[in-house]
Amino acid sequence: MSNIVRGRVLKYGDNINTDIISPPQYMELSIPEAAKYAMSAIDPNFATKIQKGDIMVAGANLGSGSSRETSPLTLKHLGVGAIVAKSFARIFYRNCINLGIPVIECSETDKISDGDVIEINLTEGTIKNVTKDEVYTCSKIPPHILALVNEGGLVSYLKRIV
Amino acid sequence: MGKTMSEKILARAAAVPEASAGDILWVNVDKAMMDDILGPRVEIAEKMAEIKDEVWDKEKVVVISDHYTPPANIKQAEIVKFTREWASNHGVDNYYEFIGPCHQIMAEYGHVRPGAVVLGTDSHTCMGGALGAFATGVGSTEMLGVLITGKTWLRVPETIKVEWTGKMAECIMAKDISLKTIGVIGHAGATYKAVEYTGDTITSLPIDERMAITNMAVEMGAKVGLMAPDGKVVEYLKQRGINDGYTLVNSDADAQYCKTYKFSATDLVPVVACPHEVDNVTEIMNVEGTSIHQAYLGSCTGGRYYDLVAAARILKGKKIARGIRLLVSPASHEIWRQAAADGTLAVLADAGAIVLAPSCGVCVGLHSGILADGEICISSTNRNFIGRMGSKNAGIYLGSPVTVAASAIAGKITDPRRFI
Ligand code: SF4
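Heads up: the protein sequence lines correspond to chains A and B, in order. 1 is the number of the first residue of the first sequence in this note's numbering; add one for each residue after it. 1001 is the number of the first residue of the second sequence in this note's numbering; add one for each residue after it.
One chain only, chain B, in its complex shape:
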């Protein structure tokens, strides 16, 4: 019988001939990532000092300060400083700060590779599945075990197949695919499971767009969101100077899936997730006209180069509505520079956008764009939980970058197709 990507990757990582869904394996971890907010400062530094104050393999550990950069207050600054010093004291050279959300940095700097097992102290680590890695989020204590031993136990997940076929119409983006899927499967519909995205719609997407989909697999409770690595992945890695040191692992044609969902991209219209749950998804016409106070384009989900260019196409030559703010945070320094160099950021700024540092800040309400009581934000991020961006009496709608752009122009939630 054929095997799924998860079964194959985990079998290799556990050095066993084969594995099947349900098996519990001790796997060797290829990359262990910690961020600032949930990294060494939570349980890890203190407990490691008590147990064994040395990481198992310095090359395989990555530390990224991204949530509290730039720090909004002294406490945040102290956490970044602590994280930086911890990395330095433990000989971790793979340390990054101030250059963007961790998942984007992991991909850009070649730490996520096809066929690898990647663990991170952040739930959206599953984004790495767009490059064909078994990438998943863990808590700090579990990471502590990984840092000391290089291993953890994982249950090989059953796989849900999500098949998207057909060509998307103009102004429909991967974010709409992502939200539509979550709306149907539900916010706990894939708990403990792997989700594999297949079909010609997926293979036709550029890597930036694929990442917007796998990033949000955890919003269905999934352990990983996977896509078969293809030539575009090889090309993406090549551009980053990586030509070997990875294995392209695909599911067999006769692999066992526990469930299959089929979607048509041809019929897809722009969708949004309404407050306060990500699976509270509706077609945009049902909420068009809802007044907004803030529009946010950014994060590891919706701040990539492709997103900024798509938004700029809508905003070019237009102005955002009076009295609202459009905040833009490119998902990395590399994206920031690329979008600055080709004039994309200038288009956004001319329309009235404020371009922020690449950071997690607004996405998770830590700094730079916090919402007050009663304020509404339309956002290209991945979570709209109550209180996430500030006040618990604020509301977050999630939509694609072009939906965010169109809404910023109108000052209310707006179908981006009106601006074609």
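The following block holds chain A by itself, in its conformation from the complex:
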């Protein structure tokens, strides 16, 4: 992965918690099976409409609730290329980094619509909305975290150091 991520937007609101992303009733299934039910409480078509490289964009407090890594794991399985939100819950944020999913904070996500194509510059801290021809500022991923994300997450890092 380079420092630019481009993709089509799937847009959601505030407080998308882990019970919504990864409903507990399906956690006994394997990740590919459980992924079919991701987000189903608020968007039953999520798993079918998402395409590899799509970018999930949400409002405030994304990923609150459980520590369940099945949330980012199912999103990763479905091909989410990056996640942008106004703010993240702590454990979800760390889980995404550890799994190698770029996570970006941006206060202007209200300006981004479902279906827009955006281009995130992870090191510059900018999001270009290609569809609307707008540019927003967002958080940068610090170099040592970007290195972890680019390495493919914590597992690859551990493999190297152990």
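Do not rely on the hints blindly, as some may be mistaken.
[Unchecked claim] Looking from chain A toward chain B, a few residues come up when the C-beta cut is under 10 Å (computed): (1) P24; (2) E69; (3) L73; (4) F92; (5) N95; (6) L99; (7) S107; (8) V155; (9) L158.
[Unchecked claim] Quick list of the computed label-pair ranges, beta carbon to beta carbon: (10) A:S156 <-> B:T1203: 45 to 55 Å; (11) B:R1155 <-> A:K132: 48 to 58 Å; (12) A:K36 <-> B:D1342: 46 to 56 Å; (13) A:G53 <-> B:C1258: 33 to 43 Å; (14) A:Y26 <-> B:T1282: 44 to 54 Å.
[What the hints assert, rightly or not] The calculated lysine-lysine pairs, modelled on DSSO-like cross-linking and capped at a C-alpha distance of 30 Å, are: (15) B:K1259 <-> A:K76; (16) B:K1259 <-> A:K140; (17) B:K1412 <-> B:K1167; (18) A:K111 <-> A:K140.
These aren't lab readings, by the way, just hints derived from the structure by calculation. Each residue gets a CB set at the ideal place from its N, CA and C atoms; glycine is no exception.
Could you slot chain B with the ligand onto chain A? The hints should help.
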């Protein structure tokens, strides 16, 4: 300048002379806990086998099968079996199953101690702060790193001080304190931060009640919920045969807090969190009369001995409303036995309650009490997210154990003070 509990505990764990909020430290982990649902089966077992299939310190690892016990189907049974065998194959003797939600077991069996750094693959690990431990939830991959190296990086959090003063009226419980605080601070108001609960209301509470508060710190996004360990904590540990091997760490009087909230317990009335967010908190009179189908008394938040006794006091000699179910799941086998021995469970059963195994089942909609479309549950648990207890078209109200008991009698959400 003075230091907070978090700064002191993390400095010790990182073996540095001192630490301040904002520092990023590599800390040595004192206890690493995994449950069944998010333990070895998610990423850990497979990846450990590829990297290094040995835990860094067998004594410091605890594995607890609690979510899928008793298993509702073959898949759940396979997960419990897998978890048990993984623990055995990795020489982890601290393995527990079928005896209750992990956070209660961690406390009862002495794995959470004052001054320690405790990590768990479950967000309510923060409950351990009631005993003065820096206890927080992590994901499975992060746990994988801890299992192999015994370390993780943590950012020393800023601390929000929450001060509760005054005496609570009858029928007001720690759960009301917990919910009221969350309602004011908001479900993301403490994200990345430590919350320290102080004041004479807190120090007057028994340990069971304190745990109902720190358990829910994560519902404000907090990393940890802390309380200064005092004589009651020492006594709690002593009853479990632990007389040393811990450090009582308190915040200094001149420690730096990023924000302070002050609350009066004297004015507190019963509160509930309405669907579908924990900070959607309102005074009970605003929702009194809402019909319910299920009342649930249980979980690592609201199924402790103190909770069962308080509920039994309301239910004694009464019957629950026709057509509803009152499910009770004591938070551990120890609590189950204690409440059975002194007749508390009999009081509950006489009123019409069904006593279940100590387990996570109902709390997170895995088995034993799943809600159908349109059903409403009043629950002493910690989360009311959409779909958590079953159907996404069901609704969960969170309230104290006595609110749950009173509502079960009336068949609708009811102010427990009506039963004094
Ligand atoms: S009882 Fe509920 S909140 Fe507690 S550990 Fe189990 S599922 Fe989580």
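So, going through the hints one by one against the coordinates:
{"no.": "1", "hint": "P24", "verdict": "holds, 5 Å"}
{"no.": "2", "hint": "E69", "verdict": "holds, 4 Å"}
{"no.": "3", "hint": "L73", "verdict": "holds, 7 Å"}
{"no.": "4", "hint": "F92", "verdict": "holds, 8 Å"}
{"no.": "5", "hint": "N95", "verdict": "holds, 4 Å"}
{"no.": "6", "hint": "L99", "verdict": "holds, 6 Å"}
{"no.": "7", "hint": "S107", "verdict": "violated, 14 Å"}
{"no.": "8", "hint": "V155", "verdict": "holds, 5 Å"}
{"no.": "9", "hint": "L158", "verdict": "holds, 5 Å"}
{"no.": "10", "hint": "A:S156 <-> B:T1203: 45 to 55 Å", "verdict": "holds, 48 Å"}
{"no.": "11", "hint": "B:R1155 <-> A:K132: 48 to 58 Å", "verdict": "violated, 35 Å"}
{"no.": "12", "hint": "A:K36 <-> B:D1342: 46 to 56 Å", "verdict": "holds, 48 Å"}
{"no.": "13", "hint": "A:G53 <-> B:C1258: 33 to 43 Å", "verdict": "holds, 39 Å"}
{"no.": "14", "hint": "A:Y26 <-> B:T1282: 44 to 54 Å", "verdict": "violated, 31 Å"}
{"no.": "15", "hint": "B:K1259 <-> A:K76", "verdict": "violated, 37 Å"}
{"no.": "16", "hint": "B:K1259 <-> A:K140", "verdict": "holds, 27 Å"}
{"no.": "17", "hint": "B:K1412 <-> B:K1167", "verdict": "holds, 28 Å"}
{"no.": "18", "hint": "A:K111 <-> A:K140", "verdict": "holds, 19 Å"}
Hint check: violations occur at hints 7, 11, 14 and 15; the rest are consistent with the structure.
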